[in-house]
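Student: So the chains spell out like this:
2 protein chains.
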Amino acid sequence: MGRWEPNARGRLEQAALELYIERGFEQTTVAEIAKRAGLTERTFFRHFADKREVLFSNSLQELLVTSVAGATDSVAPIDAVVAAFEGAGALLQERREYSLQRQAVIAANPGLQERELIKLASIASALADTLRRRGLTDPAASLTAEAGIAVFKIAFERWISETNQRDFPRLIRESLDELKAVTAGK
Amino acid sequence: MGRWEPNARGRLEQAALELYIERGFEQTTVAEIAKRAGLTERTFFRHFADKREVLFSNSLQELLVTSVAGATDSVAPIDAVVAAFEGAGALLQERREYSLQRQAVIAANPGLQERELIKLASIASALADTLRRRGLTDPAASLTAEAGIAVFKIAFERWISETNQRDFPRLIRESLDELKAVTAGK
Numbered sequence: 000m001g002r003w004e005p006n007a008r009g010r011l012e013q014a015a016l017e018l019y020i021e022r023g024f025e026q027t028t029v030a031e032i033a034k035r036a037g038l039t040e041r042t043f044f045r046h047f048a049d050k051r052e053v054l055f056s057n058s059l060q061e062l063l064v065t066s067v068a069g070a071t072d073s074v075a076p077i078d079a080v081v082a083a084f085e086g087a088g089a090l091l092q093e094r095r096e097y098s099l100q101r102q103a104v105i106a107a108n109p110g111l112q113e114r115e116l117i118k119l120a121s122i123a124s125a126l127a128d129t130l131r132r133r134g135l136t137d138p139a140a141s142l143t144a145e146a147g148i149a150v151f152k153i154a155f156e157r158w159i160s161e162t163n164q165r166d167f168p169r170l171i172r173e174s175l176d177e178l179k180a181v182t183a184g185k
Numbered sequence: 000m001g002r003w004e005p006n007a008r009g010r011l012e013q014a015a016l017e018l019y020i021e022r023g024f025e026q027t028t029v030a031e032i033a034k035r036a037g038l039t040e041r042t043f044f045r046h047f048a049d050k051r052e053v054l055f056s057n058s059l060q061e062l063l064v065t066s067v068a069g070a071t072d073s074v075a076p077i078d079a080v081v082a083a084f085e086g087a088g089a090l091l092q093e094r095r096e097y098s099l100q101r102q103a104v105i106a107a108n109p110g111l112q113e114r115e116l117i118k119l120a121s122i123a124s125a126l127a128d129t130l131r132r133r134g135l136t137d138p139a140a141s142l143t144a145e146a147g148i149a150v151f152k153i154a155f156e157r158w159i160s161e162t163n164q165r166d167f168p169r170l171i172r173e174s175l176d177e178l179k180a181v182t183a184g185k
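So the protein lines, in turn, are chains A and B. According to numbering that gives the first Met the number 0, the stretch in the first sequence is residues 0 to 185, in order. According to numbering that gives the first Met the number 0, the stretch in the second sequence is residues 0 to 185, in order.
Hint data in this document are derived by calculation from the structure and do not stem from the laboratory. The reader is advised that the hints may include incorrect statements.
The list cannot tell twin chains apart, which means a pair is met if one copy fits it or any two copies do.
To be verified - As a list, the in silico PhoX-like pairs of lysine-lysine whose alpha-carbon atoms are at most 25 Å apart:
no., residue 1, residue 2
1, Lys152, Lys118
2, Lys152, Lys185
3, Lys50, Lys152
4, Lys34, Lys50
All chains, please: the whole structure from these sequences, using the hints.
Tutor: So, in structure tokens, the structure goes:
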């Protein structure tokens, strides 16, 4: 097998998720994931530190930070942050089945739920840093980032749980409107 | 030593914190904590499941839930939640030195930081449940709870980090005002 493997990362993600659902996260080994993907363990470890990290890529955080950093100055910080989440939501929308399966695996494992919370905290911190670099001071920068995370988290829960498939970016925008209403005491 | 130990819980908390600061969290044993507190290991385990739990009592969550459940109906949900945090903040204010030391221990240990995130997520979930029992529907209930957590988290960071000792309940109220301003796009 050559060193160049077309879409190795995506194939490993897909294979891992299938096995986590079939056998459970704990019962699945890296060797099995690599075999299912038609790749070697060596290739697996070129892409992921361990079998947990397959579920937690950094691409969401990078996407959000790039989007917020590139927003025009005339946009209010909260709108820049929520627009970034809407963009991410549009991409997740295209992978709804994958997102649903991933969520089922995480819901079945407390250790993975902890990892998810840490990931969200890390995203909040990265977004606050990005807003500070754009000149926003604290506590506004931190609060804007936390508000964005809250909006995304609740919209994600709705998107995942509702049987009628709603448009995810739209749910994110609705969630922001609802946050505005509740913080205003309405 | 008799079974009845006056303020055993508080003495164990204080002894544990002292040892975590002196020797580090990982290097401290339950036996050492009990000895420092002048109590037995058996007494320790009557109060706490392990040495990590000494830092994470459920009393904050209980206090917040009781406060929100008891708020009068005329109060807006966000104000009931933030008033609950202000009440908790007033109690923490009286134990500022303990809070500062506890935070220093947590900041030095990634495992404890994870536990802190889980605790905040658990509080958000309990507050949302309480609001639902009061008749608030979703997503308003979840968003109000998440907004309260965001307000508390940022106010806590300011309270802990600022060298000039500010009034914690006041910082919580200011943090809510700031959240209102940032979500309104100001």
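Student: Are the hints correct? Go through all of them and say.
Tutor: Checked hints:
no., hint, verdict
1, Lys152 to Lys118, "both (12 Å within a copy, 17 Å between copies)"
2, Lys152 to Lys185, "both (21 Å within a copy, 23 Å between copies)"
3, Lys50 to Lys152, "within (24 Å within a copy, 31 Å between copies)"
4, Lys34 to Lys50, "within (14 Å within a copy, 41 Å between copies)"
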